[in-house]
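Chains as they are written, first to last, in this note's numbering: chain A, 58 to 215; chain B, 1278 to 1357; chain C, -16 to 733.
Treat the hints loosely; a few may be bogus.
Stated by the list, open to error - Below, in silico cross-link-like pairs of lysine-lysine (DSSO-like), each with a Cα-Cα straight-line distance of 27 Å or less:
#, chain 1, residue 1, chain 2, residue 2
1, C, LYS425, A, LYS202
2, C, LYS391, B, LYS1353
3, C, LYS401, B, LYS1353
4, C, LYS9, A, LYS141
What the hints contain is simulated information worked out from the structure, not anything from laboratory work.
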Amino acid sequence: MKTHVSTTLNGDAVEFLCTPSETLLHVLRNEIGLTGTKEGCGSGDCGACSVMLDGALVCSCLVLGVEAEGSQIETVEGIAHQDKLHVIQEKFLEHAALQCGICTPGLIVSTKALLEENPQPTEEEARYYLAGNLCRCTGYDKIIKAVMDAADVMRQGA
Amino acid sequence: MAVVFFSSELENFFSCEQLQVTAVNYRELLVELRERLPNVADANLEALALVIDGEIVQEPFLATFDPASELHFIQKIAAG
Amino acid sequence: MSEAREYQHIGQRTIRPDGFDKVTGKANYGADLSLPGMIWGAILRSPHAHAKITALDVSQAEAHPDVFAVATYQDFPSVNAEALAAGTARKDLVDTAANVLADTKVLYHGHAIAAVAARTEAAAQAALDLITVAYDVMEPVLTIDAAIKDGAPVLHDDMMTQGLAEPASVASNIAARMELKKGDVAVGFADADVIVERAYETPTVHQGYIEPHATTVRFDDNGPSMIWCPTQGHFDVRARVAQLLNMELGQIKVVASEIGGGFGGKTTVYLEPVALILSKKSGRPVKMTMSREDVFRASGPASASQSTVKIGAKSDGTITAMQASLHYEAGAFKGSPMGPGCMTIFTPYDVENMYVEGFDVVVNKPKAAAYRAPGAPQAEFAAEMAVNELASKLGMDPIDLRLKNAAKEGTQTIYGPKLKTVGLEACLLAAQSSPHYQSALKDNAGRGLAAGFWFNIGGQSSVMIHLNPDGTGSIIEGSPDIGGSRASMQMMAAEVLGVAPATLNPIVADTEHVAYNQTTGGSRTTFATGMAVIEAAEDIIEQLKARAAELWNVTPEQVDYQNGIALNLSSDDHLSLAEICAKAEKTGGQITGRANINARGAGPSFAVHLCDIEVDPETGKTDVLRYTAIQDAGKAIHPSYVEGQFQGGAVQGIGWALNEEYVYSADGVMENAGFLDYRIPLASDLPEIETIIVEVPNSFHPFGVRGVGETGIVPPLAAVGTAVSEAIGLPVTSLPCSPPKLLKMIMEQG
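Isolated chain A (complex conformation):
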């Protein structure tokens, strides 16, 4: 028996049906059709499914679809404004902070959450905050450089 859920998703009013055991990740990808959020592990260990839920950074594979009733959800698809990329996205491209790109949506969401919480992180703070986002391609070096550069630019009021 499916439950009807109403949410706000990337600023839009969105409704969906889901079974009680379906995760928010599964709903986003399969019911709503937003595949930007990725499944890497299904157990909350890799961060590829990171989304913002009512202002908190969560692994959407650890949230049930029904828990999103009345909530505000932000996914990677909501970060750019049409064709205008967010500074974080621009810096990821500039610093070549992605190779295969599968971890990138989760990292973009997590980085945005980091910089909203802590606009001037040290490198160590950034590395620890993002420790929940696994990347196998880059060794994290260029990711952290992109994050620190984005932090600088955002602090300057860009």
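Given chain A, put chains B and C in place with the hints provided.
Structure of chains B and C alone, referenced to chain A:
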């Protein structure tokens, strides 16, 4: 004449370490080896890469070489 | 090909053309495609590590109203014992089929046995419970020692060890033996003043791609069936599926989705043939995905290894003999990278006397798959650790010891050929003068370094470049882009044609829209597909000159083309590429350049890595304080992506050395089949990964390119292993250097 060197495993098939050949291209080389060596079919040479003067040629069918060339058969390198 | 060449675009750090889609979530990966009417497939996996299947009954599942189709090994029409000719190629096909869906035995915990397709994912999973299987459980074989001892349970009744002097008469778990030699090691050891001899072991590790295997397929009786999947080689997927299902190549179209990591592990098939069978039987598109647990239990890891290495040298540091015996775990079916391991182990050294013996051993673990320079990390770990120990015994700096014995142009390798121009010495010198090596080592830390080698390959690539009437265009290539290669293709075409890179859009086409391209792997893409791009661009230039000649009413010999402009040599006229394209209709139609090549002349890449590690003596925890990766790229087309390959390989190697391993129960069940307990490096584990790009050009490539993707995973194992040894004052011989292991070593020492 070009010289073909056989690695230890092929040595076991052919009972020789190296062979001087008159062939100047891969197709001639296979013909010559078939004529001169026993067990060539069993060695499945066509599944191997050919190294010509240090260059690994994974697909040597069209390859040519000099009379002074050194040739080695090796396993094809897999991709990772 | 001279080092002094100035380039317009090569060597710049352009924004990758596929980048916008990747940072916005628009890019479509393996699990991102849904089709109308699609149903879901699920796989029943073996609960035993080693067993005979005595009965398999799928009838209840087939009868269930939610189930559309069921698949088993019997659905592979071309894999039939009587129909098979003996020969290596056919045996590989049998092994692939039996790995994808078990035949008469299950050979690892998690081995696929049957599959169902049902209306929803949940229904498909539930339907698996309706399949009954009876097993005759056998004792699993989980280590090399267990596999090769007398009386060991045998995985394959027909496995007769290949490569023995006397043919094997009894089946065993040793699939093959190999031997390589150069000179006479007995003489070499007799000449030595100092000898180092040690045994080493490395664990089973996974490539660790963050994207699990996934596929969406649609079988079609009336046209090509379609397979969408993340793969390093969609032409190879097409070939294997065609072979397994007895179809013609033209009956299958494989679309390479974006791929979330491969590293060699996505060069085979797991789900695709099964999904296609289910689609054929059900008449519906089918989607299948692996869970992370499935990925660990049932997709190819890199082989565990056991090695012994013996090295002898004179007291002045001249190495006189190098010898090794290497055992590799192939997993459930033969085919570990034992061969390349034997070939690469001592290749960084110009030493007269060498002997290497290798064994390919099957065990009840998943079938090994390629992982970045397959076979080399395991072997070169052992060699480089021993060389570092030798340096210590001789009281020599480890870089000086390697410089004294470094392989160079003309060095004969143990596998036969002589090396051409290579960059090992340049890397060693760069390491010696690097800021890292010059810096003081922190108290309580250890410093390690190691060299690494990988061959790199060329192979088949096919490219077309189409130009539009306004001078923009598309580069149609067929190398799945695992790390940003489309950017490099764009830059190479732009460099040759003399236009801005952004005017040419690189596209990785499916198997119907571009001619055959060999798998993205073997560090071949920038080299070989790049070479095809360059030749296709040169083909266009010939056509542009001919068209300009028509417009000017001169002969093509009177036209030159430089930097995007055609020049009329008999007057002052000139035309840009765009202007010529604007008139293409008049001069014979639109312009396409093409090149279908089998690239030769791939150049090997040497590397040297430096590592400083601190070990907490109370907990065994390791901290990587500083890391530098130095590697010969020949010519870096896009420096950021070359650095990225160095860094990515380094960090995978660091994980392999410090924390990653498959942990098995006595029953052969992997106990850490998830990212929590299979511990890959996190951002918080690592410092900056410094890089130094050395460029010793490969004269066979127009821009001097050498492949770089793989070598970078080779040095870290011994660089880290040595750093840890130095930090704790005890020899490391077994990876990973995980905290419990180090703590035990420290405590036993007292």
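- [ ] Verify the proposed pairing of C:LYS391 with B:LYS1353, using a straight-line Cα cut of 27 Å.
- [x] Holds, at about 23 Å.
Task: 27 Å Cα cutoff - pair C:LYS425, A:LYS202 - done: Holds. C:LYS425 to A:LYS202 sits at ~25 Å (cutoff 27 Å).
- [ ] Mind checking the alpha carbons of C:LYS401 and B:LYS1353 for me, to see if they're no more than 27 Å apart?
- [x] Within the cut-off at roughly 17 Å; holds.
- [ ] Verify the proposed pairing of C:LYS9 with A:LYS141, using a straight-line Cα cut of 27 Å.
- [x] holds (14 Å)
Every hint from the earlier list agrees with this structure, and none is contradicted.
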